[in-house]
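One-letter residues, chain by chain:
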Amino acid sequence: MADKHPRLRLDDNFASPIRFSLMAALLDGNELDFATLARILQVGDSALSKSISHLHVTGYVATRRGDVGSRPRTWVRSTAKGERAFAAHLHALQEIVEFGGRAPAQNVSMNASTVRFE
Amino acid sequence: MDQRPIEGAAPLPVPNSDIAQAYLDQVRAVRERREAGVDRRGAAWIGLVNAITLAVYITVISPRWGIAIVLGVVLLVALAVFFIAGILGVEMPFFVRLIPGALALVVLGAPALRSILGYGPIGAAVVFCLYAGSAFLDGRDG
Chain V
0 MADKHPRLRL DDNFASPIRF SLMAALLDGN ELDFATLARI LQVGDSALSK
50 SISHLHVTGY VATRRGDVGS RPRTWVRSTA KGERAFAAHL HALQEIVEFG
100 GRAPAQNVSM NASTVRFE
Chain E
0 MDQRPIEGAA PLPVPNSDIA QAYLDQVRAV RERREAGVDR RGAAWIGLVN
50 AITLAVYITV ISPRWGIAIV LGVVLLVALA VFFIAGILGV EMPFFVRLIP
100 GALALVVLGA PALRSILGYG PIGAAVVFCL YAGSAFLDGR DG
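Line by line, the protein sequences give chains V and E. For what it's worth, numbering that gives the first Met the number 0 labels the leading residue of the first sequence as 0, then goes sequentially. For what it's worth, numbering that gives the first Met the number 0 labels the leading residue of the second sequence as 0, then goes sequentially.
Calculated from the structure, these hints are not laboratory results. In this text, a Cβ means the ideal position worked out from N, Cα and C, and glycines have one as well. It is possible that some hints are incorrect.
Among the chain E residues that face chain V by a calculated CB cut under 8 angstroms, a handful are [stated by the list, open to error]:
(1) P14
(2) S16
(3) V37
Simulated coverage check for chain V against chain E, where a stretch passes if three residues somewhere in it have a Cβ under 8 angstroms from a Cβ of chain E [claimed, not checked]:
(4) 29 to 38
(5) 59 to 73
(6) 82 to 94
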């Protein structure tokens, strides 16, 4: 697995900036309510709702509904599956930055070792 | 794990290193906005009050080893169950989440109730009224 190019470990579910930021906000086991998320991510309700629905369908976030006083409220948190996927995605991005888009060193050395046998 | 495209869509173009770095910077920026925007003082006060209450309680019941041991076992079992469920990503049914609290209530509540009833019916009614009045005033102030 380690010799795969980082691009092969990207998760396109996080390609959207809002979905990416949503997962970043939910890191560290935070459970945040919808209004707080909208304020942190600086997005409208509709866009945030779509992003939460998308990640909910993929099983990356879980939602909980409740009331605060007489007002309904929705809380969102990342699932274990979502945290693993997002951590892998971040790791792949980090490697893309480090390799500058080139193939990882393991691949280079493997190819070089097969060039000649003397 | 191969690149995971959105279901029903072709894999998206791979970001170059500049865009990848911008995404990583965004994680830090979102975290900073979250820490600046979420007021955790309420939760911190509750945590402090809980810690003080627990400390006082442990001090008071420490001579009563039976209760302390049973309470400790209840808490350890609850911690183990919730810890394993958290690692496995299992959603706990609501009634399961009630069990440790119910056990703690029985373990701690039963001796307290016996003590209150030890005052006799009138004494118990007075103690109840005092505590109920205190709780009502706390709730109105809070």
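How about E/V37: closest beta carbon in chain V under 8 angstroms, or not? 6 angstroms, holds
Residue count check for the stretch 82 to 94 of chain V against chain E: does it reach three with CB-CB under 8 angstroms? Since 5 is at least three, the answer is holds.
May I ask you to test the interface hint for E/S16 with respect to chain V, counting a Cβ-Cβ separation under 8 angstroms as satisfied? With a closest approach of 5 angstroms, the E/S16 hint holds.
Establish whether the coverage given for the stretch 59 to 73 of chain V by chain E is satisfied; the threshold is a Cβ-Cβ distance below 8 angstroms, and no fewer than three residues must meet it. violated (count 1)
Counting residues of the stretch 29 to 38 of chain V that have a beta-carbon nearer than 8 angstroms to any beta-carbon of chain E, does the count reach 3? Coverage by chain E holds for the stretch 29 to 38 of chain V (4 residues, Cβ < 8 angstroms).
Classify the hint on E/P14 as holds or violated, based on whether any CB of chain V lies nearer than 8 angstroms to its CB. Cβ of E/P14 sits 7 angstroms from chain V, so the hint holds.
In summary, the structure is inconsistent with hint 5 from the numbered list given earlier, while agreeing with all the others.
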